[in-house]
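Below are the chains, spelled out letter by letter.
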Amino acid sequence: MTFKETLTKTLGLAVAVAGLTAVASSAARADEHEQPTPTRQEWTFAGPFGTFDRAQLQRGFKVYKEVCSNCHELHIPIRTLGQTGGPELPEDQVKALAASFTIKDGPNGSGDMFDRPGRPSDYFPAPFPNPEAAATALGAAPPDMSLLAKSRKYERGFPKFIFDALPVPGGMYQELGPDYIYAILHGYEKDEDPNWNAYFPGHKIAMGKPLVDGQVEYTDGTPATLDQYAKDVASFLYWAAEPSLEQRKRIGFRVLAFLFILAGLMYFTKKKIWSNVAH
Amino acid sequence: MHGLSTFEPKNGFVKWLEARLPILSFAHGSFVAYPTPKNLNYWWTFGAILSFMLIAQIITGVVLTMHYTPEATLAFSSVEKIMRDVNWGWLFRYAHANGASMFFLAVYIHMFRGLYYGSYKNPREVLWILGVIIFLLMMATGFMGYVLVWGQMSFWGATVITNLFSAIPIFGNEITTWLWGGYSVDNPTLNRFFALHYLLPFVIFAVVGLHVWALHVTGQNNPDGVEIKDVEKDCVPFTPHATMKDGLGVVVFLLLYCWFIFYVPNYLGDADNYIPANPLKTPPHIVPEWYFLPFYAILRAIPDKLAGVIAMFAAIAVLAFLPWLDKSPVRSAKYRPMYKALFWAFVVVSIGLGYCGAMPAAEPYVTVSRVLSLLYFGFFAILPFLPRWEKTLPVPATIAEAVLAKSGKVEPPKPEPVKAAPAKAPTKSTRLWK
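Chains as they are written, first to last, in the working numbering: chain A, -13 to 265; chain B, 72 to 505.
Heads up, a few of these hints could be off.
As the list claims (entries may be wrong) - Derived Cβ-Cβ restraints for the label pairs, each shown as a range: (1) Leu464/B to Phe239/A: 40 to 50 Å; (2) Pro465/B to Phe147/A: 36 to 46 Å; (3) Asn258/B to Ala126/A: 20 to 30 Å; (4) Thr144/B to Thr122/A: 16 to 26 Å; (5) Phe246/A to Pro431/B: 38 to 48 Å; (6) His138/B to Gly188/A: 48 to 58 Å.
Hints listed in this document are in silico derivations from the structure and should not be mistaken for laboratory results. In this text, all values refer to a predicted model and were calculated from it rather than measured experimentally. The beta-carbon is built from N, C-alpha and C at its ideal position, and this holds for glycine as well.
Chain A on its own, in the form it takes in the complex (with noise of 0.2 Å):
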């Protein structure tokens, strides 16, 4: 059977080639990236029945106004903190906070541009007014922060990406946005370089090291400490690029209940129909 033989060989040789693949890429992804992989973080909202700690986006929400507001832009209504879902602001401090920023408007009737205090309909305000003016600031123009936490991910190679999207321990999971910015806020490990980051690719990042210990006070006992911050941040840009996130598992948890007892009545169904039938 010359065939098998040949069969038998060009199989061994495409097992012999997986394998290698495996060897190398790990080699090869050793070279490009030399920054470690961020560590996986306990979050609130992960997992199948993941909701947004309140209190934890509200901290967050207070990081990102004091320190990141001041140079990253982020896209969202400001009536969404008052939002169910999300850090639930009651509406009065939504109503207030959006009347402390000036937006501008216009043109009214005589054709005039004016300025006039945020409605909770409003944006947030970016803190340059196009990237351009952003970049001649800072060097280079921050990115905008509504959907940073889902635009960035690390590699996790083969076979843990597998694992990432079933329904086992330790897998489902979402959240490498979070880690990712987790991981950046903690990556600035070289006093004498503070464009020089661990996580980040190559390195070298535009961004100066944001935060320190107890630069944003905490009113609600939570200590204020960089490790605090950084994960605060993190849970509220997902919430801010994910907002419908616990209304979607909430709902899916239902559906995939339904779906799961309706296979299963339609399968007693099928047998019935088919059980006197040899097939």
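Let chain A serve as the given structure and place chain B on it in line with the hints.
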């Protein structure tokens, strides 16, 4: 293929309609009385699953269109508005984006099933080729839909793929400019992709109609690959038997689909596509969606651009020639030991190519891609010669015989109810037989 029963209207209106447009008897013949081989397994439910996915994509897509703005400076933010401000917008958008992946997953399973059981063979060549056309249309639709998001990967994916046409000798650059509607991927490109992305699903719908028509002329293939000899002994009526089985298949597939929508909605997408398109900033790795990866790997495996493009399209086009490449008189891999081994090797090669397609264009992936591309085409090259070496196993004469042999093995003392099965069929089905 004639049904197991005739449609005899009793209702006055139905009689009136039948005399003018026999649509109800047509539907009855196609979806109720239509004879279905008894021995079909669950891999045969993917036809129904794909029909469901096509309709789901059209419905979610039409709703998304009502809120989407096909304009280069507004497209990305209109998608975000759908996600944040439109009632249930996130659900429609995630259902549509993951629906594309599920559609391709189902179509690949459907195609591999056809490959395994020899469903492309005489007399089903036209049925198979229509399937290849649907697959091509799906690829075009999926690609253009991905561009509409107008994120970084949308933009750069569109740039890479449309640039492939510039490899065409002499007119390449003119063709690319014509496709773009300008000198780079820009608003005119987005506009035409939007128009085509809305059009093509309906073209797919029409070709699916032809596909189903062709299926109903030749009848379904089955796991034993023997033709229906005696409709009464070999088949069951489509309704309720296949209807319920397909329904169950759809619901189980929905469980998977909904898992993705509700729990891991961004798993299959690229994080870079949540960054708005920026023509001045190329992402470090431009990677297409997972369902294009094997073909992308073949494209990159070949150092010459034109040859790479030809190889990539050939990898799809070669499928259409399968009915004539495979010369074995036996259909099902169940009775073809060599073909069966070759089939699984082909599955491994295809998945390997997909993995290489996702990796950067560097060693060792380039070499591995080249080896796997050769093996991919090698599968089709070896098929015509296979019958020379292959000793096929004895094929049952009829489906009824195959079923008997199978149930005989599983439950030895029960051959009698098998024979009596048609007579014992529930009253409703019995009515359908004559």
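Results of checking the hints against the structure:
1. Leu464/B to Phe239/A: 40 to 50 Å: 48 Å, holds
2. Pro465/B to Phe147/A: 36 to 46 Å: Once the Cβ atoms are compared, 44 Å apart, the range 36 to 46 Å for Phe147/A and Pro465/B holds.
3. Asn258/B to Ala126/A: 20 to 30 Å: 27 Å, holds
4. Thr144/B to Thr122/A: 16 to 26 Å: 22 Å, holds
5. Phe246/A to Pro431/B: 38 to 48 Å: Between Phe246/A and Pro431/B, where Cβ atoms are some 40 Å apart, the hint holds.
6. His138/B to Gly188/A: 48 to 58 Å: At 38 Å between Cβs, range violated.
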